[in-house]
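Trainee: If you want the building blocks of each chain, they are given just below.
Number of protein chains: 2
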Amino acid sequence: MALIVQKFGGTSVANAERLFNVADIVTKTYEQGNDVVVVVSAQGDTTDDLIAKANEINTNASKREMDMLLTSGEQISASLLAMAIEKLGFPVISLLGWQAGFVTNSNHGNARIKRILPDRIQKELDKKNIVVITGFQGLNRYNDMTTLGRGGSDTSAVAIAAAMNADLCQIYTDVEGVFTADPRKIKGAKKLDVISYDEMLELASLGAQVLHNRSVEMAKKYNIELEVLSSLTRKPGTIVKEANKMEKMLISGVAKDTDVARVSVIGVPDKPGLAFKIFSKLSAKNINVDIILQSIGRSGTKDISFTVPKSDLQDALDVLEPYVEVIGASSIVYDDTVAKVSIVGAGMESHPGVAAEMFEALYEANINIRMISTSEIKISVLINTADADRAVEAIHDKFFSGEFPMK
Amino acid sequence: MALIVQKFGGTSVANAERLFNVADIVTKTYEQGNDVVVVVSAQGDTTDDLIAKANEINTNASKREMDMLLTSGEQISASLLAMAIEKLGFPVISLLGWQAGFVTNSNHGNARIKRILPDRIQKELDKKNIVVITGFQGLNRYNDMTTLGRGGSDTSAVAIAAAMNADLCQIYTDVEGVFTADPRKIKGAKKLDVISYDEMLELASLGAQVLHNRSVEMAKKYNIELEVLSSLTRKPGTIVKEANKMEKMLISGVAKDTDVARVSVIGVPDKPGLAFKIFSKLSAKNINVDIILQSIGRSGTKDISFTVPKSDLQDALDVLEPYVEVIGASSIVYDDTVAKVSIVGAGMESHPGVAAEMFEALYEANINIRMISTSEIKISVLINTADADRAVEAIHDKFFSGEFPMK
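Going down the list, the protein sequences come from chains W and G. Just so we're aligned, residue 1 is where the first sequence starts under the numbering used here, counting upward by one. Just so we're aligned, residue 1 is where the second sequence starts under the numbering used here, counting upward by one.
One or more hints might be untrue.
Just so you know, same-sequence chains aren't split out, so a pair can sit in one copy or run between any two.
With a cut-off of at most 25 Å between alpha-carbon atoms, the simulated BS3-like pairs for lysine-lysine come out as follows [what the hints assert, rightly or not]:
1. Lys185 - Lys28
2. Lys128 - Lys63
3. Lys127 - Lys241
4. Lys28 - Lys127
Don't read these hints as lab results, they were simulated from the structure.
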């Protein structure tokens, strides 16, 4: 007998038919002799509908009241799922985040889980109940409802799996797993059977939004084995686990990120400490800098380029423009028609040819590389947005259809 | 400075415009220097919509899960009202039933309030917050959400007014107060400025559904002054208070109840204890018997007639039919085309002419009286359903338009 946590996203519980599909998955798992804790998101567009209702009244409502409003969404889906499970004849109870023991800090709208006190869940499991929990929410020390922000329900699922030392945490979603590239765009995209936490983190940060980074980081920290799978097709999905437990894939996937802009500070004097000053200014404004490139400019100066999310571009320019003169640089230029394309793979550190293969693929597709950044398990290039889809396809073909050794 | 509890029903908070209307009433009360505790129902048809959602999945869902589902309705309206009050620039906080300290028994779907621990409400009032509370709900000793059943939000409001010793409890609804008859049907119907708890109780039980009996009983028990008024017209409503605090009205109102059926057990032998046996059988099945009449039948037997709610008619027949032979009665007959019309007034006990006036009104309208029942402050007659509206009109005319002394 194992303890299995199963999380179902909003599309998986969107209506009565889907709820019964979920109830079927859950009760089959229970019938196999497992303890089952189910974590649910709000149904379909419920959260968006509630936000629209709030905006009709007050676009500047306090986050505390927004949390009070939004937590009703999972309350509805959890109780409805419990009713569907009852209908199938199984013992079940639904619990709100606070009843399930989720204690968070007071950062309304984006709260962090401080601890989980799973006594009530354990008591219900001991009574042989299937336990359905509202994801995305908890209670702060003042007894106020909080929500966990983006990826909150995944985080709830991994957190409860960690707190209760679950054997497996299944994240049911509307895709069949983690693919080598976006399967809606790249025909040859293959589902991965297994991927490491670090690879998953790199892919997620690149816009392959199967799992939110926060939940993967937590799974890594507590060594919780995740399975990403579809609630509709019922095929085995992708296991996310520790790298040392698996044969390393050379390349796990190719991803693109178009939410990126490049900023260059031109003609920075070649004196120590100026780069530090630039990036500490940006950091103070919470601007998330990604790829950084420093190149030799004209007559003893340097050009410092970096990428930021598009939404931070204006802030970055506002911070730096008054500063150009102070440090004696000549100008700032930016480009928001760029995209980042990356390959991720835990095995590439022992295979030096990977970068060359990637660049060759881009060369053959006649795509110009603007910046390059590498880590142990990732190689990213900055290219023109217009080339992004072609670039993903060319790189994917190179690694997943060609002769290149996959392992 | 006073402490005022204001309760708003579902139609009063049905949409953004109405919520701002309520926010305006609440903040004006607050601006006059009062502490304000607001109790809200779910918006418009929300509760019915949630029940429909549940029925789509499981028409036999556990009451515990139904409560989990339904409590989300007030959560949504309370947080939206708080947002509207924020928008008007006032300090406000919404609290769920359990946060507001409502402790109930475990009778899901129809829970009773055991006690209220209003520490959190008081703390928020001390911080000068307007406090918005979800009506209709509480928490049982197992930390599970419960709902209070019909009239639950009114009961929540009166209970919190009692627990906090409020100066006034205003029940905002979609009518302007308590009327001498249904104002949609009787042209001359007048709004009462004041009515006693007992009169209100009699009227409510007669189908004048302005306030649920449960809340009036609680108000009477704790001597909480109620005001029933409209959230839309903003006129003074009807005050409900102790009879000894007011000049007694002879007649407060005329009401009809068409949810009634008459059952007669014919030819009951004239032996002691048989009436007791009949009514104890009905009582054991929770059948609510109202008017009872015993008349002399043929050859030393009696006919025992009584009224029951239409929904209990079949049960009453099922209980009694096998019993007819046992007690030696001859048959059972019933009539579900009857209606009960009543007049209520705390002053009638000292004015013996009231019944005669009522019967005269019916005689003049050529309406046949089938049964009569009286209490200190009420006279009810059973007539044919087809005559009911005419009967109310005739009686109302007699007492409220004629020469008869009103006081």
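Trainee: Confirm or reject each hint.
Mentor: Against the structure, the hints:
Neither within a single protomer nor between protomers do Lys185 and Lys28 lie at most 25 Å apart by alpha-carbon distance, with minima of 34 Å and 58 Å respectively. In this homomeric assembly, Lys128 and Lys63 come within 25 Å of each other (Cα to Cα) only across copies, at 19 Å, whereas the closest approach inside a single copy is 37 Å. With identical chains, the CA atoms of Lys127 and Lys241 are never at most 25 Å apart, being 31 Å at best within one copy and 49 Å at best between copies. In the homo-oligomer, the alpha carbons of Lys28 and Lys127 lie at most 25 Å apart inside one protomer (18 Å), although the nearest pairing across protomers, at 52 Å, exceeds that limit.
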